[in-house]
Amino acid sequence: MTAGRSSKEIENYYQGLKKDIEASGYNFSPDEEFVKELLESILINKERYGYEACPCRLASGNKEEDLDIICPCDYRDPDLGEYDACFCGLYVSGKILAGEKRFTSIPERRPGPDERAKTMQEAKDAKIEFKFPVWRCRVCGYLCARDEPPEICPICKVGKERFERFM
Amino acid sequence: MDFEHVKGENKGKLVLFALSTCGWCKKTRVLMEELGAEYDYIYVDLLQGEDRDEAVEALKVWNPQVSFPTLIVNDKESIVGFDQDRIMEILG
Ligand code: SF4
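From first to last, the protein sequence lines stand for chains H and P. Using the numbering used here, the letters of the first sequence correspond one by one to residues 1 to 167. Using the numbering used here, the letters of the second sequence correspond one by one to residues 1001 to 1092.
Keep in mind the hints are simulated off the structure, nothing from the lab. These figures come from a predicted structure and were not determined experimentally. Cβ coordinates follow ideal geometry from the N, Cα and C atoms, glycine included. Check each hint, because a few of them may be wrong.
[As the list claims (entries may be wrong)] Facing chain H, according to a computed beta carbon distance under 10 Å, are these residues of chain P, among others: (1) Thr1028; (2) Val1044; (3) Asn1063; (4) Gln1065; (5) Gly1081.
Whole structure, please, built from the sequences with the hints as guidance.
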């Protein structure tokens, strides 16, 4: 399953990411082969769509619509909290890592296409005035009150486009 | 819609909606093949335009969240996600 990509490229990607995520307190699944296949799929999606779309969800090809499923997706942390794994099974909690819980497929938290369209519209309509807008990182929940969100989230390192107007 | 056919023993009508990049979809296929079942599958992420829309609409009927994998059994039941126990129960 290494079509087009050398195992060395995937190994490097894996090692680099593993170091970064472990430094921020996250863990990849202990099934290394499974993890590498997912990372390879993320690279395939990056090539296909121009961004690292979640390999287990159907990306639209429109980045704006898919911001919530760029890996790490908006659903990773809630899923780690509730099910001890992310939807794809790339990330797991300490419990699964320690073998205290079975590693398996979890339910999808992302709303379906019709519901997403509705929420997007509601978010556009809601605006309240403060001295500074408050921005929320949709991946880790970090909040800051300033004119613009930071270029990179200081906590989880995702890009500016992953922030939403919170207040 | 053009489904790929996998030969095997007839264990009912099995139709799998999957993504070519998804780990649980792959595990589902591996399990179904280990169990020797005959089935049809479609990789929705490899479709474009109208073909993709058609597949998404067909899947929505069974699973409004349009998540993968979704296995439709005998046009009656849908198994959403890699539900190893349920798949073994039906195909075992
Ligand atoms: S965190 Fe997990 S579920 Fe979310 S996009 Fe990445 S691989 Fe997919």
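Tested hints:
1. Thr1028: holds (9 Å)
2. Val1044: Where the cut-off is 10 Å and the nearest Cβ of chain H is about 6 Å from valine 1044(P), the hint holds.
3. Asn1063: holds (8 Å)
4. Gln1065: This interface hint holds because 4 Å falls under the 10 Å limit.
5. Gly1081: holds (4 Å)
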